[in-house]
Amino acid sequence: MNRPPVKIRIRGLRKSFGDNRVLRGLDLDVPAGRSVVVIGGSGTGKSVLLKCILGLLPADAGSITVDGEEVVGASNATLDRIRRKFGMLFQGAALFDSLPVWENVAFGLLARRQLDRAEARERALEILARVGLGAEVLDLFPAELSGGMQKRVALARAIATEPEILFFDEPTTGLDPIMADVINELVRRSVEKLGATAVSITHDMASVRKIADRVAMLYEGVIIWEGALAEIDRSGNPYVDQFIHGRAEGPIRVLQMAPADRAVRGEPSRHGP
Amino acid sequence: MNPLAVTGRATIAVSRTVGGIAFFALDGMIRGLRGPWYPRQILRQMIEIGYYSLPVVGLTAIFTGMVLALQSYTGFARFEAPDAIPTIVVLSMTRELGPVLAGLMVAGRVGAAMAAELGTMRVTEQIDALLTLATDPLRYLVFPRLIAGMLMLPLLVLVADVIGVMGGFLVSVYKLGFGPIEYINRTFDFLEAQDVISGLVKAAVFGFIVALMGCYQGYHSRGGAQGVGAATTRAVVSASILILTADYMLTEIFFSR
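From first to last, the protein sequence lines stand for chains G and E. All residue numbers in the first sequence are consecutive under our numbering, ending with 273. All residue numbers in the second sequence are consecutive under our numbering, ending with 257.
Just to be clear, a hint being listed does not mean it is correct.
To be verified - Beta-carbon label-pair distances, calculated as ranges:
id, chain 1, residue 1, chain 2, residue 2, range
1, E, W37, G, E69, 42 to 52 Å
2, G, S63, E, I241, 42 to 52 Å
3, G, R21, E, I30, 34 to 44 Å
Claimed, not checked - From the derived model, a few chain E residues whose C-beta atoms are all more than 10 Å from chain G:
id, residue
4, G58
5, A77
6, D83
7, M121
8, T124
9, L133
10, G179
11, F254
I should point out that these hints are in silico values taken from the structure, not numbers from a laboratory. Small disclaimer: the values here were computed from a predicted structure and weren't measured. Using N, Cα and C, we set each Cβ at its ideal position, and we do this for glycine too.
All chains, please: the whole structure from these sequences, using the hints.
Following this line, the structure appears as structure tokens:
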């Protein structure tokens, strides 16, 4: 069986916030065209991992290559070029609340200056249709939408530029189970339609089973298990077993709080591309 | 506690902040000037700062002009020189009170809003989202605000100068018994272009300070709603202090000419 080339290769990635060592020498390969889901408890540094790959947080040590190009220590210009391959769905949607829906969706297209505003609006309508939204939302502002609709608009924004790589940060958090399934379905379809490489992070097992080709488990700053989705139920790894069955008892030490997540939300990123 | 260590730590903290702000300002200006430009954003900020601050600045100016006329009358009537009032009002307004009061009012209105907006964008990951959409937040968010602050505050001050003089005029004519034509003539008798220009230069610097502190504090805010609140407070306080400090230094420079 021929293996697809590696799209994102991570070796020995380290990232600390003060005394809090969040990532402690993490290794991970993301094969091109596959959907990898990173699972792990709250505060284990899943968001930090995504932000390090995007260069939104500078890594302390290690190497991250995207199509063979190094992200760690790259110049702003290089980072800007690499980031153009990505689309990201943020946990809280992170829609620009000063802009109407269509401008949010078309933001990446307008930033690339390939289209004028009228064309961009047309494109936004097409892209919104793919996530099941119609013309009636075009001129609404993000604050006027429900949580599920915001997630859809954010998904539309992430796929608008037809990126090679899609990141999904907790795509179903804060949604009811039905809406969560709708979003999972949309994520799955978007990835397949674009033929994109996808990296998602979640602790929602329903989501994992729906969108993953491969699963990697992050615990104490390293990937402790990685395999195909089908293998997850017979991984033979007590940590993975405890996590996927959601048991309080087991080898995973439950942290008292989640310093990593807090650090990420507030930590300013490097200035710009 | 070792007093040396405490002093050292405070000194390092201050230097780091000052350096951080200076670097942020330079980075914002250089990257912004290099482009790509976002004229839509610049225009939006110009309207926000210039147009929507008019009522606040106008009210401040008219009452300041009125108070100036009353207070200087109280003083100058004692040595029989009430004729000096128009000159005092116009010089105080153009050289000093116009730019400083407009700067402080805009710091409270616009600086706070900038810090809150950018701070919210930071904690809700909108700034990260900009980066993933191939848009530099320094070019898209910070530069338009810096430019708009620098361009619009002088215009506001020009309006404030006129309104302030009008305030002095109203009080002098209707309360202190000046002749209207005499008042206006005296206003312009000793007024030089440099008085107005020095005030406008001050205004440009203050506008930059307000926008810079609003953007810097917002951009670097952390920790949710509380963090955004703290950033907003810091933006207003630091901008106000910097305005008063810069005011003295600029006056010193203009004074020696």
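Where does the structure disagree with the numbered hints, that is, which hint numbers, in rising order?
Those not satisfied are hints 1, 7, 8 and 9.
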